[in-house]
Amino acid sequence: MIPENFSKALLRSAKNDVPLPNAKVRAMAHVEHALADAMQAAAAGNGALVAAKTLATVKVAVAAAVLAGAAGLGGGYELGRTSAPPVKITSAPTARAVAAEASALPVPAAVLARRPAASGAPAEAAAPADVCTAAEVVKADKCSTPKPGSSVTFAMKTRCSEASLDVFWVDESCREVFRGLVAPGATFWQDSYEGHVFRVRDHATHRLVSEISPARLEAAQDRAKYWKGPRTELPLVVVHEGDTPIPESPVPECTRGGGRGAVLHVKNERKTEPIALMRVDFDCKETGHPQMIAPGTVAEVGCSEGHAFRVRDASGALLTDVVPTFLDTSTYLTVP
Amino acid sequence: MPSFPVPVSRPDRPQRGAVARVSDGAARVRTCMDTHYDAVWRFLRRLGLAPADVEDATQKVFLVFAGRASAIDPGAERSFLFASAVRVASDARRKRARSREMLADEGESFDVQDPSPTVEENIDDRRMRRWLDEVLDTLSEEHRAVLVLVDLEEQTMADASDVLGIPKGTIASRLRRAREVFEESATALKAKLEKEV
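Read top to bottom, the protein sequences are chains H and E. Its first residue numbered 1, the first sequence is counted upward by one per residue in the numbering used here. Its first residue numbered 1001, the second sequence is counted upward by one per residue in the numbering used here.
Isolated chain H, as found in the complex (with noise of 0.2 Å):
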């Protein structure tokens, strides 16, 4: 049906033109992972001050994250942007949320000081440079299936050194749309189903770096029963008085994804003293976002089965780990 006054209605049809739900929220997660990272890096007074600077572009924000080894933005766009589905989006904290509630109390420099370089860091871990330079290209032929099979949760570690990769997701039309960037060294993961065809770019020249179609671990629960119903309540965490600083350590583990919506207890007992609460990214590194517990109080915090948290005192120093309690099955591939 072609209205009378066409070109009116094409005009108005523009007005219900709106973004999808979540858009929004991804990009002020993301937005706020890149400020936060950013503001982290130019308090380290190192290179990243630099870029930091001139703060405008993503390849920009990302640069400025890893000059400073600060917080693995690989996570950072997993959880704010386009990685992580939508409904777990909502079930999650955002970026946003946590930086909201941990405005209400200011997060003392000693704790941003003294958090220690993550286990296995990526520079460390990651293959010489031209692993991903070098990489043959593969051939890029394949397209999701339109009715794809069961759910699969994969992490994707990056063996590039240098190179930043961007994730699309290939569409049952063969489009390619993206998912997420993933810094060097970092892990991406993606909830997703059998059938679906990914690829890697590199992030800088848009060169083909893989293809892939991650396949199902048997002993994965289909996502759809398995999200349903309300959230998991984790073991409560209580920091008492007289709890005393435990020697500064590694993150014996790191966040994991493909866990259901939950929701974390942090009751600090101390009389005076706030405590932190820090988030655990994909690579075992602590994000920028510390959530402030005021003395006296309990912190709710919403999150996934799958995260880790670290507790420091008001001066920095380690109280207690928080580590995944469920069943990761998810499916882990390595790229290139």
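Don't take every hint at face value.
[To be verified] Think about it this way: if two alpha-carbon atoms lie no more than 20 Å apart in a straight line, the pair counts; the simulated DMTMM-like pairs of lysine to aspartate or glutamate are: (1) E:Lys1192 - H:Glu4; (2) H:Lys8 - E:Glu1180; (3) H:Lys24 - E:Asp1124; (4) H:Lys8 - E:Asp1034; (5) H:Lys15 - E:Asp1124; (6) H:Lys8 - E:Glu1134; (7) E:Lys1192 - E:Asp1091; (8) H:Lys15 - E:Asp1151; (9) H:Lys8 - E:Asp1151; (10) H:Lys15 - E:Asp1125; (11) H:Lys267 - E:Glu1077; (12) H:Lys15 - E:Glu1154; (13) H:Lys15 - E:Glu1153; (14) H:Lys8 - E:Asp1137.
Hint data in this document are derived by calculation from the structure and do not stem from the laboratory. Just so you know, these numbers come straight off a predicted model, no measurement behind them.
Since the structure of chain H is already known, use the hints to place chain E on it.
Leaving out everything else, chain E in the frame of chain H:
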């Protein structure tokens, strides 16, 4: 190629530390994203960006804003965002033209949760928007930006002049010409569609 100006900003302000500037920006970015995200997204979409690129481009616009928030006068946020969007759209189009993959005209962003087709009620709207984009594609970049700003985003000619950094008189003449081309293209498209029916 059009030469779009540097967005409205205050480069003459004293330079401050990077941390302070980024920190100041965070609160404004939140407010601005809440208020203007949809408008910026829609503006970029109507400037001709493929659906798959719009979300990225919108984020890029707000990242630019975040990096320069301290230099933008209160009240000038929307103009700055639209001006940045014009440049980001221009860059994105160039990049897309260079890339090997060509996206189809139609399509929505990927949604893992529900990859099924859009519900029927939206089909008419989507079809109209596809036709709208088809008609807008017949305009030059300069004319398209003016038409989208004034007729779709309901900016005044003065605002459009600020955003695009060109005199009001030029805006008026471009708008007049843009509307003529739009009308001609819409009429031609309508005739074509009626013929097909």
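Status of each hint after checking the structure:
A C-alpha spacing of about 14 Å is found between E:Lys1192 and H:Glu4, which places the hinted pair at or below 20 Å, so the restraint holds. At roughly 13 Å between alpha-carbon atoms, H:Lys8 and E:Glu1180 fall within 20 Å of each other, so this suggested pair holds. Annotation: proposed proximity of H:Lys24 to E:Asp1124 is violated, straight-line Cα distance about 25 Å (limit 20 Å). Proximity of H:Lys8 to E:Asp1034 is assessed by CA-CA distance (about 29 Å); at most 20 Å being required, the pair is judged violated.
A hinted pair counts as satisfied when its Cα atoms are at most 20 Å apart, and H:Lys15 with E:Asp1124 qualifies at roughly 14 Å. Restraint check for H:Lys8 and E:Glu1134: the C-alpha separation of about 15 Å stays at or below 20 Å, so the hint holds. Taking the CA atoms of E:Lys1192 and E:Asp1091, the gap is about 32 Å. The hint is violated against a cut of 20 Å. Simply put, H:Lys15 and E:Asp1151 have alpha-carbon atoms about 11 Å apart, close enough for the 20 Å limit, and the pair holds.
About 10 Å separates the Cα atoms of H:Lys8 and E:Asp1151, which keeps this hinted pair within 20 Å; it holds. Proximity of H:Lys15 to E:Asp1125 is assessed by CA-CA distance (about 10 Å); at most 20 Å being required, the pair is judged to hold. The straight-line distance between the Cα atoms of H:Lys267 and E:Glu1077 is roughly 41 Å, outside the 20 Å bound, and the hint therefore fails. With a CA separation close to 11 Å, the supplied pair H:Lys15 and E:Glu1154 stays within the 20 Å bound.
Taking the CA atoms of H:Lys15 and E:Glu1153, the gap is about 9 Å. The hint holds against a cut of 20 Å. Of the pairs offered as hints, the one joining H:Lys8 and E:Asp1137 holds, with about 17 Å between alpha carbons and a cut-off of 20 Å not exceeded.
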